[in-house]
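Going by our numbering, the first residue of the sequence shown is number -1, and it counts up by one from there.
Honestly, the hints are just simulated from the structure, not real lab data. Heads up, some of the hints might be wrong.
Said to hold, decoys possible - Restricting the straight-line Cα-Cα distance to at most 20 Å, the calculated cross-link-like pairs of lysine to any residue (SDA-like) are:
id: 1; residue 1: Lys93; residue 2: Cys76
id: 2; residue 1: Lys92; residue 2: Ala70
id: 3; residue 1: Lys43; residue 2: Ser7
id: 4; residue 1: Lys33; residue 2: Ile5
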Amino acid sequence: MFGTKYIMSKGLSFAEYEEMQMLSEYASRGWKLEKFAFMGYKLKKAEPEKLQYALDYRINPDEEYFSYFNEAGWTNVCSIGNIIHIFSAPEGTKKFILIMILK
């Protein structure tokens, strides 16, 4: 239990950038995002790490979607409802825009 922390979300619809910055700050203090929790996030104790977080919305993504992020240096940390996806990468990893044409 001592290796777990729950923090409240301000709401991704209202504070997406702030939320990702907040998660980065927690990671630098040794609390990394594990998954979405009710009205917030569940963090786990870890070694402090300089991470940046990014959020993407994609309904029912396939493996190709996640492979684009992986190839660019981003790791899928968690997803909720198979729609909202949070990725992390070491600080300094370039952000990119993923544009996929819907078939």
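Hint by hint, here is what the structure shows:
1. Lys93 to Cys76: holds, 18 Å
2. Lys92 to Ala70: Holds - the C-alpha atoms of Ala70 and Lys92 are around 8 Å apart, at most 20 Å.
3. Lys43 to Ser7: holds, 19 Å
4. Lys33 to Ile5: holds, 11 Å
When each numbered hint is compared with the structure, no violation occurs for any of them.
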